[in-house]
Amino acid sequence: MVLLHGFTQSGAAWAPITRKLADSHRVVTIDAPGHGGSANVRAGLSDGADLMAAANPSPAAWIGYSMGGRFAFHVALRHPEVVTRLIVVSTNAGIENPIERADRRSADDRMAGHIEEIGVERFIKEWLSQPLFASLPTEAAALESRLGSTAEGLASSLRLAGAGRQEPVWHLLPSLSMPVLVVAGEYDSKYVAIATRLVDSIGSNARLCVIDGAGHACHLERPDAFLGAALPFLAGG
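Using this note's numbering, read the sequence shown as starting at 599 and increasing by one per residue.
Hints were generated in silico from the structure; no laboratory data involved. Mixed in with the good hints there might be a few duds.
Stated by the list, open to error - Computed cross-link-like contacts, EDC-like style, restricted to lysine to aspartate or glutamate with a CA-CA straight-line distance of at most 20 Å: (1) Lys723 <-> Glu742; (2) Lys618 <-> Asp822; (3) Lys788 <-> Asp810; (4) Lys788 <-> Glu694; (5) Lys723 <-> Asp706; (6) Lys618 <-> Glu737; (7) Lys788 <-> Asp701; (8) Lys723 <-> Glu750; (9) Lys788 <-> Asp798.
Construct the complete structure from the given sequences, taking the supplied hints into account.
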């Protein structure tokens, strides 16, 4: 099982999940390009997905959250032979409107410069203060693990793999043949709507799970509820 984290995190952010998954699975957590132990790796979504698949060539279930979900989609689309099952949490298949995508790219570039200007510690505090994470408990935010990244690494992640840089892959989703579980938190209405569309776009091999009483980081806010959906899916249920 391969787990891919979200922006500003590292593989350590999955600790509440991996502790229980490790009872029945061999779990691999990856630090995404620009993050944690991969702070010096420079890669976008496509070449980053190639690196991840090459590092984990055995067939496995892949789980990705937010940015990690976008990487997971690229792994599954580019290297379906290594993905037996796919779980994506609070993620998107790309911004389709070219004007909106360009606006997001500009915003990502400004944020990258802001990180380089103020440093990781101040930026992480700003990042976690967003309404998006209002329901995320402090202990679940894994602040210490986020501080292991560098300003240069996080900035490169935005510039190379940010949502504004992603070419939309909605039209490719029907080609996914593995079972897919799409997860979102009840309070994150934007991503519940996106998750519903993802399931419809993928087809009959996809199912939707909405975690009650949780927001964007629903797997960390309510790990037991997330595992209650994920474990039966991973077991073939």
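Hint check:
1. Lys723 <-> Glu742: holds (11 Å)
2. Lys618 <-> Asp822: holds (9 Å)
3. Lys788 <-> Asp810: holds (15 Å)
4. Lys788 <-> Glu694: holds (15 Å)
5. Lys723 <-> Asp706: Given that 20 Å is the threshold and the Cα spacing comes to 17 Å, the pair holds.
6. Lys618 <-> Glu737: Holds - the C-alpha atoms of Glu737 and Lys618 are around 18 Å apart, at most 20 Å.
7. Lys788 <-> Asp701: The hint holds at about 18 Å.
8. Lys723 <-> Glu750: holds (17 Å)
9. Lys788 <-> Asp798: holds (16 Å)
Hint compliance for this structure: every hint is met.
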